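Based on the sequences and whatever the hints tell you, model everything.
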Amino acid sequence: MLKKYLIFLILFTFSFGEDNKLYNISLGLFNERFGYDIINFSYIFYSKNNNEFFVSTGSAFPFVWSAGLGWKRFFNNKKNHKILPFVCISVFKRWGNKLAVTNGSSVREDNCISFASGVSFHTVKLKKSNMYFQLGGFALADFRNKIELLPFLNMEFRF
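According to this note's numbering, the sequence shown is numbered sequentially starting from 90.
By construction, these hints were calculated from the structure, which means they are not laboratory data. Everything numeric in this text was worked out from a predicted model, so none of it was measured. Glycine included, each C-beta is placed from N, C-alpha and C at the ideal position. Be a bit skeptical, because a hint or two may be false.
As the list claims (entries may be wrong) - Pair ranges (Cβ atoms, derived):
no. : residue 1 : residue 2 : range
1   : K167      : K235      : 32 to 40 angstroms
2   : K137      : N166      : 14 to 22 angstroms
3   : I128      : F210      : 16 to 24 angstroms
4   : K168      : V196      : 46 to 54 angstroms
5   : L224      : I202      : 20 to 28 angstroms
6   : N138      : K235      : 30 to 38 angstroms
7   : N200      : K168      : 20 to 28 angstroms
8   : L238      : I128      : 17 to 25 angstroms
Here it is as structure tokens:
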């Protein structure tokens, strides 16, 4: 049921007008949206007053895939507008193949909640996108194991 809901939500959000579309691609050592993802693609379907609501999918090739939604809040930095602190809360489904599972089953599925906090550094404006470096930490709960606390460092391209 969750898979069908996520697919419907992702397809529905792409039907909004072109003015509201904002896409992100994140590459690096984990990320703030789903934790373990090395590559992550997200679509921001609503953005207002430094709040972003997004649907996203990502992967830590070839072991883990994830899809879900969340909220990201940027805080104003009056001294330097290129440095933006943020918090992010996500709920998502994570799938892992046999290499990512230690209990002997062939596929593992987890419903997860992630909380992340960090700083986003605006580095350069490209033709149709902006590039940011992000640094911070996340707490991930998959309801099977203990809560995991890990850092992240990635590049995010917004277009």
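Hint check:
1. K167 / K235: 32 to 40 angstroms: 38 angstroms, holds
2. K137 / N166: 14 to 22 angstroms: 19 angstroms, holds
3. I128 / F210: 16 to 24 angstroms: 20 angstroms, holds
4. K168 / V196: 46 to 54 angstroms: For V196 against K168, whose Cβ atoms are near 48 angstroms apart, the range 46 to 54 angstroms holds.
5. L224 / I202: 20 to 28 angstroms: 22 angstroms, holds
6. N138 / K235: 30 to 38 angstroms: Holds: the Cβ-Cβ distance is about 35 angstroms, inside 30 to 38 angstroms.
7. N200 / K168: 20 to 28 angstroms: 40 angstroms, violated
8. L238 / I128: 17 to 25 angstroms: Check passed, 22 angstroms falls within 17 to 25 angstroms.
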